[in-house]
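Student: Here are the chains, one letter per residue:
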Amino acid sequence: AQSVTQLGSHVSVSEGALVLLRCNYSSSVPPYLFWYVQYPNQGLQLLLKYTSAATLVKGINGFEAEFKKSETSFHLTKPSAHMSDAAEYFCAVGNTGRRALTFGSGTRLQVQP
Amino acid sequence: DVKVTQSSRYLVKRTGEKVFLECVQDMDHENMFWYRQDPGLGLRLIYFSYDVKMKEKGDIPEGYSVSREKKERFSLILESASTNQTSMYLCASSRSFGIDLNTIYFGEGSWLTVV
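Same order as they appear, the protein sequences are chains A and B.
Position in the first sequence (first residue = 1) + 157 = the numbering used here.
Position in the second sequence (first residue = 1) + 34 = the numbering used here.
The hints are simulated quantities; they were obtained by calculation from the structure and are not laboratory data.
The beta-carbon is built from N, C-alpha and C at its ideal position, and this holds for glycine as well.
Nothing false has been slipped in among the hints.
Computed beta-carbon distance windows for the label pairs:
1) B:D60 to A:R255: 22 to 28 angstroms
2) B:V46 to A:A210: 42 to 48 angstroms
3) B:G74 to A:N198: 16 to 22 angstroms
4) B:D60 to A:N218: 24 to 30 angstroms
5) A:R265 to B:D93: 19 to 25 angstroms
6) B:S116 to A:S171: 41 to 47 angstroms
Next up, chain A with everything else stripped away, as it sits in the complex (with noise of 0.2 angstroms):
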């Protein structure tokens, strides 16, 4: 079984500031993660994933998230906020076992000029 928690349905920064967004994971075997982004009225783009290779993972539009076992987590950073990141972002869990990827509720964020 695999589940995701991602904690904070709305974050909300200012433009330059730090963007950091939370996600848990449950799984019974070694898994894959990843974050996705949805733009207004568009369908998900991948932004990074991690496959059990480098823990900190680079991404798309200067985004990174770090794995950390010990804490089941892969949370998603950006040093400095654009307006342009504002968007809807998921996280997702997968495994070698299983071809659907299962996502969490989703986090909506907010840059304020």
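Given the coordinates of chain A, assemble chain B onto it according to the supplied hints.
Tutor: Chain B in isolation, oriented as in the chain A frame:
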């Protein structure tokens, strides 16, 4: 780039109508998926298919069926639409082997309103 195309972006249907949502992918992916997205609930898996004519139920299959007659095409069918099926429907696809097994590519979504 992977292209997943959903034929209808916005649909309005009446209660009791039969509804077809069509999805086509151009990357020869074995796996195709239908998810439903609702505020506060994230994405929930309705059905997926791992080969032509093969399908498996996801977490919320009730009220839905699917069809995969060709590898590139995966259809979601609402046999008798109800107002609680008003939602955003997302089609997705992925490869069937290796690390890419779990990297899923999404279409732009179909907004369905049932009145």
